[in-house]
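S.K.: In the order they appear, the protein sequences are chains G and R. Each number in my numbering corresponds to the 1-based position in the first sequence with 31 added. Each number in my numbering corresponds to the 1-based position in the second sequence with 31 added.
If you are wondering where the hints come from, they were derived from the structure by calculation, not from laboratory data. Among the clues, some could well be false.
Given that identical chains are not distinguished, each listed pair holds provided it fits within a single copy or across any two copies.
Said to hold, decoys possible - Derived SDA-like pairs: lysine to any residue, alpha-carbon spacing no greater than 25 Å straight-line:
no., residue 1, residue 2
1, K177, D122
2, K177, D112
3, K177, L230
4, K177, A282
5, K177, R118
6, K177, V368
7, K177, N120
8, K177, G87
9, K177, L78
10, K177, I45
11, K177, R83
12, K177, A224
13, K177, D64
Number of protein chains: 2
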Amino acid sequence: MTIDLGERSYPILIGPGLVDDVRVLDEAVPRRDIMVVTNEVVAPLYLERLLRGLQGRRVGSMLLPDGERHKTLETASRILDALVVARMNRDACVVALGGGVVGDVAGFAAACYQRGVDFVQVPTTLLAQVDSSVGGKTGVNHPGGKNLIGAFHQPRAVVSDTGTLRSLPVRELRAGFAEVLKYGLVADAAFLAWLESNLAALLALEPDVVARAVRRSCEIKAAIVAADEREHGARALLNLGHTFGHAIEAAAGYGEWLHGEAVGIGMLMAADLSSRLGWIGGAEVERVRGLLRRAELPSSAPAIGAGRALELMAMDKKVLAGRIRLVLLARLGQGVVSGDYPAQVLHETLASHFGSAA
Amino acid sequence: MTIDLGERSYPILIGPGLVDDVRVLDEAVPRRDIMVVTNEVVAPLYLERLLRGLQGRRVGSMLLPDGERHKTLETASRILDALVVARMNRDACVVALGGGVVGDVAGFAAACYQRGVDFVQVPTTLLAQVDSSVGGKTGVNHPGGKNLIGAFHQPRAVVSDTGTLRSLPVRELRAGFAEVLKYGLVADAAFLAWLESNLAALLALEPDVVARAVRRSCEIKAAIVAADEREHGARALLNLGHTFGHAIEAAAGYGEWLHGEAVGIGMLMAADLSSRLGWIGGAEVERVRGLLRRAELPSSAPAIGAGRALELMAMDKKVLAGRIRLVLLARLGQGVVSGDYPAQVLHETLASHFGSAA
Numbered sequence: 032m033t034i035d036l037g038e039r040s041y042p043i044l045i046g047p048g049l050v051d052d053v054r055v056l057d058e059a060v061p062r063r064d065i066m067v068v069t070n071e072v073v074a075p076l077y078l079e080r081l082l083r084g085l086q087g088r089r090v091g092s093m094l095l096p097d098g099e100r101h102k103t104l105e106t107a108s109r110i111l112d113a114l115v116v117a118r119m120n121r122d123a124c125v126v127a128l129g130g131g132v133v134g135d136v137a138g139f140a141a142a143c144y145q146r147g148v149d150f151v152q153v154p155t156t157l158l159a160q161v162d163s164s165v166g167g168k169t170g171v172n173h174p175g176g177k178n179l180i181g182a183f184h185q186p187r188a189v190v191s192d193t194g195t196l197r198s199l200p201v202r203e204l205r206a207g208f209a210e211v212l213k214y215g216l217v218a219d220a221a222f223l224a225w226l227e228s229n230l231a232a233l234l235a236l237e238p239d240v241v242a243r244a245v246r247r248s249c250e251i252k253a254a255i256v257a258a259d260e261r262e263h264g265a266r267a268l269l270n271l272g273h274t275f276g277h278a279i280e281a282a283a284g285y286g287e288w289l290h291g292e293a294v295g296i297g298m299l300m301a302a303d304l305s306s307r308l309g310w311i312g313g314a315e316v317e318r319v320r321g322l323l324r325r326a327e328l329p330s331s332a333p334a335i336g337a338g339r340a341l342e343l344m345a346m347d348k349k350v351l352a353g354r355i356r357l358v359l360l361a362r363l364g365q366g367v368v369s370g371d372y373p374a375q376v377l378h379e380t381l382a383s384h385f386g387s388a389a
Numbered sequence: 032m033t034i035d036l037g038e039r040s041y042p043i044l045i046g047p048g049l050v051d052d053v054r055v056l057d058e059a060v061p062r063r064d065i066m067v068v069t070n071e072v073v074a075p076l077y078l079e080r081l082l083r084g085l086q087g088r089r090v091g092s093m094l095l096p097d098g099e100r101h102k103t104l105e106t107a108s109r110i111l112d113a114l115v116v117a118r119m120n121r122d123a124c125v126v127a128l129g130g131g132v133v134g135d136v137a138g139f140a141a142a143c144y145q146r147g148v149d150f151v152q153v154p155t156t157l158l159a160q161v162d163s164s165v166g167g168k169t170g171v172n173h174p175g176g177k178n179l180i181g182a183f184h185q186p187r188a189v190v191s192d193t194g195t196l197r198s199l200p201v202r203e204l205r206a207g208f209a210e211v212l213k214y215g216l217v218a219d220a221a222f223l224a225w226l227e228s229n230l231a232a233l234l235a236l237e238p239d240v241v242a243r244a245v246r247r248s249c250e251i252k253a254a255i256v257a258a259d260e261r262e263h264g265a266r267a268l269l270n271l272g273h274t275f276g277h278a279i280e281a282a283a284g285y286g287e288w289l290h291g292e293a294v295g296i297g298m299l300m301a302a303d304l305s306s307r308l309g310w311i312g313g314a315e316v317e318r319v320r321g322l323l324r325r326a327e328l329p330s331s332a333p334a335i336g337a338g339r340a341l342e343l344m345a346m347d348k349k350v351l352a353g354r355i356r357l358v359l360l361a362r363l364g365q366g367v368v369s370g371d372y373p374a375q376v377l378h379e380t381l382a383s384h385f386g387s388a389a
């Protein structure tokens, strides 16, 4: 399948065993100088296979430490140093092998090196395969907030080897599922129903079910990104649950909660708020809660209090001129971006999930 | 005048007394949160006037240390910190008040903050007014090379107050003139002749002459940038003298030579090489040398030897697949980008300017 962005269009290749598939890699990765960026957990599993698949090119590689707390400007700077030391030219290509952190930081380094070099994503987590590797957002965190530093830089290809998900810790697999669920909630009621029927098979990594879930997620994201590459409008739909979720992640300190876990609860809050506004019914909120439970994702937020939660949400960058615009649900399968709700209803929703204590 | 880049088009406002002209600033700078980035030399001269001109907005400001050696990722990171601390949102605007270093590093920070916020250039040096503030190249140096880290990020306006050039050290004024001369050499023989006639008035900062030189330089740059925003082709013409010049700057250590001084000699070498190829005559090389001398710009390169110079040039990022493409002169007023010359002729040119010793 293809992400359609005019001259910045690129293919997404999905299936088992692609990480060392020479034919696929020849399509995705230019036959020029390559710098593979990966991390200390992924490298022992897949680096050798990828390097074998890339033979015939001058290839360097570098390992990052594992974890969100290393998604920093300093880490991006280390990648830039490696590109300089390897004397990579403007026609070099950075290949990110790993999860969302590796992809985001390596993509940002590719965006900045010589004002932008080519970049290929080889995501090895479900979250990265369905979300972070697609759409061109790259970046690093700042002590003041997540992804505050970054660039829009589209990859020239995404190679999603669904076989690599077998090595993923089950907690991360479940967290990735939250983003899959997001696509059904904001854009496709039929996909949502299909997920309800195939949840067990998906989490058991049945190859056809996984490939279909990844493909459909990428299709939905691709359509939204094609309509709004730089997030001026529709792309904000992809933030369903994220503003609430950021408050959870920020309160606990980055890394305590997996991103997908926080987003999962955030989506439940968005559904709850939509129901309080009379847009969807209580039964539909329970369908969301039921999916989280069956996926063994948390559905209870930490008791940080509604006031603190609101404060953290207001610091999130989706705030425009002080007014919190949220992604809500007009119905299951149709998200809407809105700042047009009574503040009191937001407060009640927050109090019901975060508690009312300060 | 306007830089025509479709939806990224922007105005360049040129004239004396613009730095505190409320009407001009209201056209150029949005009425939103503003972060003025300047440096410790420029701030005492113009910051207060600019802030007065920006009244009615929430404005923060920060001072960088002066000098090319501070054009680093660390300095960009300090600007990003300041934006976070001031809780600037995605609709904030960074205003760069100063020379090329301030503009390049502040522009790069604006490109990275929240994946890109608005950015206005208020250049106060001749170099910045005729070159670095126009065209959207932003970036910082790396110990391995100049401008190795950066982004293409167009400003939303450029405000060139030609009155600020009165406070510029004469050495910097002369170095800026080298870039003005460049436009005549690559693109406009009539402008070149006009410069020969008006050199003394220009260096004496006669207001009409300065404004015309800045405007014509920006027009030429604008036309070239509009044809080739991301430097895939014609934009490389703007690098006349730069590949040779980089060798001079790198050999001496950044900061010893002013950029324009090194570029001036580099243009003379490009003319010399073009003459050795029979494209222009010796008299035309002497016209270039004469202009440098009359502007009291250096015309002799340091004796680093042809071999070392070639090595430094090959490290420059304009090298594509190991082959040095240079901007040469088909005639005075018409640059051409070419890698199609005998290596021996390049070597002779380098030996004649840099000496033949290792």
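S.K.: Failing hints, ascending?
M.R.: 3, 8, 9, 10, 11, 12
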